[in-house]
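Asks: Residue numbers (the numbering used here), protein chains in the order written: chain L, 1 to 290; chain U, 1 to 269.
There's no promise every hint is true.
[Said to hold, decoys possible] Facing chain U, according to a computed beta carbon distance under 8 angstroms, are these residues of chain L, among others:
#1 A149
#2 A237
#3 W249
Hint data in this document are derived by calculation from the structure and do not stem from the laboratory.
A quick note: this is a predicted structure, and the numbers were derived from the prediction, not measured.
Glycine included, every Cβ here is placed at the ideal spot set by N, Cα and C.
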Amino acid sequence: MRTLRWKIAGHALALLATVLLGGFLSATLVRLAPGFDADEQELDPHLNAQSLQALREARQRENNIFRFYFTYMKRAAHGELGTSLSLGQPVRTLLRDRAPLTLRLLSMGLGLAWLLTLTLALSAAWLRLSVYDTLTTVVSGTFLCLPAAVLALFSVLWNVPGSLAIALIVFPHTYRYARNLLVKAYSSPHIVTARAKGLGEARILFWHVVPVVAPQLLAVAGVSVSMAVGAAIPVEALCGLAGIGQLAWQAALARDLPLLVNITILVTLVTLLANSGADVIGCVVQRQEA
Amino acid sequence: MSLGRKLACVVLGIVLAASAAANWLAPAGYAKQYREATDAAPSRAHWLGTDDLGRDRFARVLYGTRISLLLAPAAALLSTLMAALIGGLAGYLGGAWARLAMAVTDLFLSLPWLFLLITARALMPLNVSPVVSVLVTFMLLGLLGWTTAARVLCATAGSLRMSDFLRQARAAGISGRRLFWVHVIPNLKPVLYAQFWISIPVFILSEANLGILGLGVAEPMPSWGSLLKELEGLVSVGEEPWKFVPLVLLVVVVTSFQFLLSKQEEVAA
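So here's chain U without its partners, still in its complex pose (with noise of 0.2 angstroms):
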């Protein structure tokens, strides 16, 4: 393992660690107004300062971090099932389905990725508790994010399709459906493995982009898209440098994933 790999472990793991362990190192809930403090400095008592609603910054954004590190790998759980479930039969299948599924395909992957998502979003209820709007919106990035991974399953199933050994199970008398679930599915693991990774940064991103347009997870839950929203009311960036803290975080994050990434891609290919 390179040593940029071996930092960017190390970085996921301290921010992994904080955010699971924001119930002790946050000075209070996410929620907790101090109405006598509203946008203070950073303090002993805020470390990072307060919001205008006189929340502390400092345990947003460690729940902030919490929901986006764990919905996002969520998402792109779903989306990878999703990709397995549509592009890993469609290339086991081959023929008019193949070509049927990579149209539909080929089709959503020229939407322009963000016009779909709000459109989609904008369909759900938008006055939701902020629970099922933090739920929402990483559920319609899993099913919207399908389609990319979907391409490349349904290239090397295809591939498989012709294999020595696919032909000799179909011989033998295995049924398709056994046939798919028991020696296509686990031959295509590296490779769902590989978009899995590859999905989280990409709906980290998106989520931070809906936040910020205010079309994200509602208040007063946070995440790295609602804490960025802050960003809107600033003058200049050395104003008040502390209220950059949750995008330093994301970049960080994203940066240590990339870095991690750049194996999975190559397999991925």
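Isolated chain L (complex conformation) (with noise of 0.2 angstroms):
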């Protein structure tokens, strides 16, 4: 118990670090961007010298960088992210608009992947035929070699949904794992004596080889939501999805910093949180089989 308190201690100092590191980093990008110091206010002829006067000394105040540092998070805690330099939009705007498309397509493309990963996996260790084997090597192989925007553009070329893409990105490296995995779990020696003594397959499997791969298993979900995430990109830019992945990739062509930035964070946490998550419950796993 003590051990999984330290744990989640440990991933929450990480998240915590993670905040403040990525904070201050998007801070001092933000300040150091190109066009910072002017301020379009002061072309407004309606202004008196007073008033400019004014804008000059509040952006002169915030030359500090760490003062900037301090503004700008007590503004994200209060859910203010700035303004889009390109889109002219509030950053947290766009964000709240976009997450539920992101969201949507990359719940139901890691749910494929790891439709088609376990269903692979679970029969080539069941089967252990090497024709079989060979045969879904090659075919996660191809993909694997395959850029993750040109899986995007063959979805588009073929119209299929942006999931299946993602599926298929993140198939071939979760598949190359379970697959070790459970080939492994099948050839140890309980399980052989198991199959000996005429155990079910289903029996053998949630009873004997769940708990003994359900950890290394989980850890590589979490390392998938990352790799989905990543594939977002490619997926929503190249099949025109108004998504997450999509408005990152526009922030990079437009050198749109402060909404670049605040997208990589927010990405990073939800992939820290993911992979927290599942070192935990992989923990508990753990933990309930000893």
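Since each chain sits alone in its own frame, please combine them into the complex, following the hints.
Replies: Okay, here's the thing in structure tokens:
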């Protein structure tokens, strides 16, 4: 129990460090971005000399990077993430509008990828046919050799949903690990004995294999979230899906640093949470087994 | 050596030789425009046709292959050196240094690679000369791709730190710096070689992704990424199959690397 608590505390600390470090990095980048010192308001002919002076003084106060960081974090804590330079809209609004589509795309893509992974890996471990094993390895290897953006282009060309493209990008990575884990688990002496004693395949799987491979598979599941999030950029950008990935791509092309850095921090937090969650669940499963 | 590996070596050798001989094999330079024959189908004059700007596609494929196959190993070398320095040093020093280095490495590893890459690429000027854009793209790949290798090297160097020969060397009064450069790094060589080879196909694919998204090598310089961008305008696969040649070449080369790497991955693990 104590180890688990330490693990959770460690992950929470890592998340906090990421937020603080990421926040500092984004504040620094935004502060140093070209054009930060210029203010369009100064071009307003209606402003008198006093107002202009007040504007300049306000901007002068932000010159200190640490003070700027403090203000930035204070605003971020209240949900104010600044305004996109290229789209002219608050970053928060942009993220809120686009997040549902990305979440749907990722959850469907990951679901499909894991369905494919487990089906093929389990059948490879059950059948133990070298021809079948070679075939599945060749299929996953072929997808591994294709750039994610090319798979996204093919999904446009063949009019298939973007979630399938994400699944095919993630599947070869997860399949490799899952297949190796399951084959290794099925060849362990206690499973061979269980088989020899005539235990049913379902009982062997759920009672003897799953508890052994679950922690490692959960860790791979955590990493697969990061892979899927990365795959969302080419898929959304090339399939014309208005999600966070497309927003990041547009921000990169327009060099919209406030938007891009905020998206990257948000995405990092999501992947860190997924990895931490997988790690903690894996730890709980291991404890229950012990 | 297995048949698969022999075949992979032959394929890579042919592709490398063809790209090295691009100056003689290509009918013209990669930027030469045939304005009377834009977007032309394959012919005797243009084996793979021309692109929408009238440039010979065969020439661009040859030069693009040369750029991708020269600079991906260069980026792999950079990332391996960084991994050796960061991971190797952290493992050798151990304690708080190792924990700190691995915490940073874990943080980098949890970042989605493409997000990190496009953020870093956007920080660099996008309107630079083509040669600079090539260097910036591959340098970024090298600078950001060291994390996985660093983790492996930290673990290997950590096990070396407690080895008998290093204890003996330390007891003999050899300085820490000399220990690291003369005794630790040479013992990390097999893992370093493995990490170097593993990184090459990863960087080739990453450059291709960046190129298709318009964040890679700038025109008119060809690379596999910029050549694959042509596929964006296709309506069907069977319409202009010759446009798939760069993709087929990329898949063949990456597959050949994967065949060669199966042994290296065992060493790296």
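Asks: Are the hints correct? Go through all of them and say.
Replies: The hints, checked one at a time:
Contact between L:A149 and chain U, as hinted, is supported at the beta carbon level, the nearest pair being about 4 angstroms apart and thus within 8 angstroms. Taking 8 angstroms as the C-beta cut-off, the interface hint given for L:A237 holds, the closest approach to chain U being about 6 angstroms. At a threshold of 8 angstroms, the smallest CB-CB gap from L:W249 to chain U is about 6 angstroms, leaving the interface hint in force.
In this structure, none of the earlier numbered hints is contradicted; all agree with it.
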